[in-house]
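Novice: Now for the letters of each chain:
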Amino acid sequence: MSKPDEVLEVRDLVKRYPAVLAVDGVNFSVRRGSCFGLLGPNGAGKTTTVEMMEGIMPPTSGEILYEGHAIGPRFRDEVGIQFQSTALQDHLTVLETLQLFRRLYKHGADLEQVIQMCSLEKLLKRDNRKLSGGQRQRLLLGVALVNDPKILFLDEPTTGLDPQARRNFWELVERIKENDKTVILTTHYMEEAYRLCDEIAIMDQGKIIAQGSPQALLKEHFDDVILELPKSDLPSPLVDFAFPVLERGDYIEISTPDVNLALAMLVERNINLNRMQVRPRNLEDLFLELTGEDLRT
Amino acid sequence: MIRRIAAVLNARNVEFLRDRSTLGWNIFLPVLLVLGLSFIFSGQGRPMFKVAVLQQTGQIDEQLHPFLQTKYIEFFTVADQADAVRKVARHKIDMLLQFEPEDRYWVNPEAPKGYILERLLLQTDPGIARAEVSGEAVRYVDWLLPGILGMNMMFSCLFGVGYVVVRYRKNGFLKRLNATPLRPIEFIIAQVLSRLILIMAVTVFVYIGTRYFIDFRMQGSYATLFIVALVGAICLISLGLVVAARFTSEELAGGVLNMLTWPMMLVSGVWFSLEGSHPAVQMLARIFPLTHILDAARAVMLDGATLTQVMPQLSALGLMSVVFLFTGAAAFRWQSD
Chain A
20 MSKPDEVLEV
30 RDLVKRYPAV
40 LAVDGVNFSV
50 RRGSCFGLLG
60 PNGAGKTTTV
70 EMMEGIMPPT
80 SGEILYEGHA
90 IGPRFRDEVG
100 IQFQSTALQD
110 HLTVLETLQL
120 FRRLYKHGAD
130 LEQVIQMCSL
140 EKLLKRDNRK
150 LSGGQRQRLL
160 LGVALVNDPK
170 ILFLDEPTTG
180 LDPQARRNFW
190 ELVERIKEND
200 KTVILTTHYM
210 EEAYRLCDEI
220 AIMDQGKIIA
230 QGSPQALLKE
240 HFDDVILELP
250 KSDLPSPLVD
260 FAFPVLERGD
270 YIEISTPDVN
280 LALAMLVERN
290 INLNRMQVRP
300 RNLEDLFLEL
310 TGEDLRT
Chain B
1099 MIRRIAAVLN
1109 ARNVEFLRDR
1119 STLGWNIFLP
1129 VLLVLGLSFI
1139 FSGQGRPMFK
1149 VAVLQQTGQI
1159 DEQLHPFLQT
1169 KYIEFFTVAD
1179 QADAVRKVAR
1189 HKIDMLLQFE
1199 PEDRYWVNPE
1209 APKGYILERL
1219 LLQTDPGIAR
1229 AEVSGEAVRY
1239 VDWLLPGILG
1249 MNMMFSCLFG
1259 VGYVVVRYRK
1269 NGFLKRLNAT
1279 PLRPIEFIIA
1289 QVLSRLILIM
1299 AVTVFVYIGT
1309 RYFIDFRMQG
1319 SYATLFIVAL
1329 VGAICLISLG
1339 LVVAARFTSE
1349 ELAGGVLNML
1359 TWPMMLVSGV
1369 WFSLEGSHPA
1379 VQMLARIFPL
1389 THILDAARAV
1399 MLDGATLTQV
1409 MPQLSALGLM
1419 SVVFLFTGAA
1429 AFRWQSD
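Just so you know, the protein sequences line up as chains A and B, in that order. Everything in the first sequence is counted per the numbering used here, starting at 20 for the first residue and increasing by one. Everything in the second sequence is counted per the numbering used here, starting at 1099 for the first residue and increasing by one.
In short, the hints are calculated from the structure, not lab data. All C-beta atoms in this analysis are idealised placements derived from N, C-alpha and C, irrespective of residue type, glycine included. Treat the hints loosely; a few may be bogus.
Quick look at which bits of chain A chain B covers, simulated, 3 or more residues with Cβ under 8 Å [what the hints assert, rightly or not]:
#, region
1, 84-96
2, 103-115
3, 123-131
So that you can see chain B by itself, here it is in the shape it has in the complex (with noise of 0.2 Å):
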């Protein structure tokens, strides 16, 4: 069983480090996006307000607050004041209102956008009680990273598997490989290994490469990030599996490889913060295994979050991975019906 598996993992890599203008795109997409990007945001980029409003549930009225009637600020409500105040602490909140019982506001002075909500704040309300919460700014490149990795990583082990094994079902060549002795079980273990290998290494690679270029944020361990992206690329891969299992027609695959990507790139949060968006989004994008990727990446690169705290979300990447690689498994056919 060992033997087919290497010869098919071993076959596989050739034929992946072997297609070099794929190897490229895998590579230098992610980097270049990064590069363009944090020159895109490192100036005076578009500004991302998004102010908090602390009260149970409802709606927020405008009439509390004469500066809740503020153009081109998002307002939302949270609950839970120590989260708010946390977020606020990490940059994911911009800055907290309180009305009831008494007027307060929470800012980070370390964060620039803080600055001048307070600024605009202070205009309409100068005797507004200021509650200061404390937090080393982070930079809109230093959260994009692990979504732009994880967005490749996405692609990667979607379309990689997916795709491939949709041509390999296409072309005759699984068919070809039914007439041997290999198993299913044994051909997709050598995918979902030879896909990990691929990945993490060009993961790994785009990183240091990254950090060649750009100073940006790592707060927690190495080793923990690396268990994040392990955990998160065998979760997609397993899914790349149950799209791969039937399908024989590439365009089809495609367009369900698509159907899955887009929603997760536009709501697990690779390009912004889902904080404030609405709760079936917000729900919806729990749903998607890159959000946990990306919810935990950041944790540990931002915040330095521990394996331990990173643990709700590398559950759930291996809850659905087991889901999906049983999927995969029990619907995968060597050759159309």
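In isolation and in its complexed conformation, chain A is listed as follows (with noise of 0.2 Å):
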């Protein structure tokens, strides 16, 4: 039975493919009005899982609820889905899409909020096929508020985004939660993770290797901050160190719970400490520290 405050379940979700299985009987809950994060590398069977949830593809056994019932035609009405990679209608401008999909739902939102909401008031007139990434993964986002849905989906909305695009994007899906709408995220992106969901779990080759509230992850899985070097500045290796070195790419990384120890043994060692950075433990140290493997690898 779905709590009154889970908008969605998915019970021993399972899909399978003739070579592959894509997804592992796989059991989460979305809670109303939170944004749900399923991450992790391409290929770990996000997008098969949601495109599940969205009722797009079938699964190979297993079930999603919807406020506690089986998908049905009431859901198709009340979900915003901006998928992955989607085209657009070729030759129409971006006022002629949204009114194309406004109009084949019988319930919707103003088109004028969305376009304010999205930022859309200087592109109504351009051509689907004139709008730069941003602007189109804005546009396709737009497309997905038209119903004034109770859930959106974002399946991996900011991949091949520039930086400042991207963090454009995090602001609109900010402003999106804050109409207390349900948001279903998937990226690889940690930091786009981090900032924007109340929920995660971790999905590798089909399963759910951890899940709950970003904080509460990495305070479960770290005690430590990390402590990041140069290699160039490093007289010689770092062998017999009292804490876990991990070299990446031309830093190293040193994970301590004791930074001042950690800080007073390498000026021991005469390190030149003028380029070290503190920082934290974050979801893809989480990840690495799960799977034994990068992220975006």
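Starting from the two chains in their separate frames, assemble the complex, guided by the hints.
Specialist: Shown next, in the form of structure tokens:
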């Protein structure tokens, strides 16, 4: 039985292709008004899971409950979806595209509000084909909002965007969250998940390997911070050091629960600390900790 | 439902009308073809002599008459005298010969080819009896025009629907529509209506445009011709939807569409009459919608046939449309499995 504040519940979800088990018995629920993030590397099963939740793809087994009931025709009217890659109809303007999708729903949002929320005012007469990556994602978000959805699915919404466009998009999602909408987000950008999500589930090889709020998960798995040092600042390789040392590209990372002690030991070895950075543990570290693999590989 | 169909219909129409290159191609290609071919065939064009020999069955015995040994004339047998005489009158056959119980020939005195054949025949047999039929001469361009219009409709309907829907599926637009309350049948109806409106508008435009340059023959009623074109277009669009139902590859869809359009272009009577061709070819031609469209259109334009007279062709097209539409709707997928 679903709890009253659970808007979506996923039970024992499996998706099997002839040669691949894409989703392997996944269970989780999404609270009303929260932002739920599915994280994982490419091929982890995030998009497959989300597309089954969206009703686009049938599961091999398992069930998905929307407000306690199996997904039915009402679901299509009450969700908004932004796919990872979607083409829009050629030769239509931004405004015509929004109008097309708005007319497919019986009830929906005021287009003016959608246009304003997605900052599309200056693009209304522009041909879809002439939009930049960021503008296009804003339009696709607008298309996903035309029916004033209760749940908004965003599948890798900022993949391929430059950092500025990505940050602008995050601000849009934060504005949407303020309107009490439930957001389900898939991403492989940990910073994105950390900033937007109230709860995350980390997927790897079709399974959920950790679930909870980003802060709680980090607290649960780590009690240390990371000291980052350029390799070039080390007179010799850092062997027999009291804390774990990890090489990452041109940097080394020292994980330590005691920064004072670690700093003292580095000073003792005459290491230049001018370019050293101290950072807290992040979700990327968590993924590495859980799977032994770098998220971006 | 109507609101959703209207939304998709409107969007597709806007897309088509703003795609200037496709629109131009749809309008100007048939006009150019008609103009070019009418120019080519208006002069000392290639003779297309078709002589039917009245006999019940079997091969034509060349020893029956020396005329049968003449080269560059296509001889073939017919069994129904009345029907053959009517075809001579309508220029589908240039001459009809009979050797049992007496030697006799029918020729249309208005037909240039009939006149030449008659001169040749009388060279070999001055005493053969003449039986005249009458009928106004139909130029090749009169005969060709319905073929060109039909061919343009065929390409536009099949590629315009089949190719476009497959492209929508491949680039994920159909998947996006699937995430809305739009139902497959609503999407299909919108595509059929959109292409139907566009192809009928383009065909009428091309017809009027061609008429401006060429004074071609139109014996029947415009309303009947419009109905023939309408039913034919529905049938061809429905066939396009069958191709579009599942494919995700434009290359594969293009190949299948070519496989459908080329045989139709060759054996449905776009360029030349199928009279006298192998029975298997004639039978094959009957399974193609374009054959029925052209039969009906030529009957209306050249012979002034009424709606009742072209009802057999319209019925065949209607039946095919129902089969294609149901097959297309049942097989339709928003995205690949």
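Novice: All hints are to be evaluated individually against the structure, with a verdict given for each.
Specialist: Consistency of the hints with the structure:
no. : hint    : in the structure
1   : 84-96   : holds (count 3)
2   : 103-115 : holds (count 9)
3   : 123-131 : holds (count 3)
This entry satisfies every hint, going by the numbered hints stated previously.
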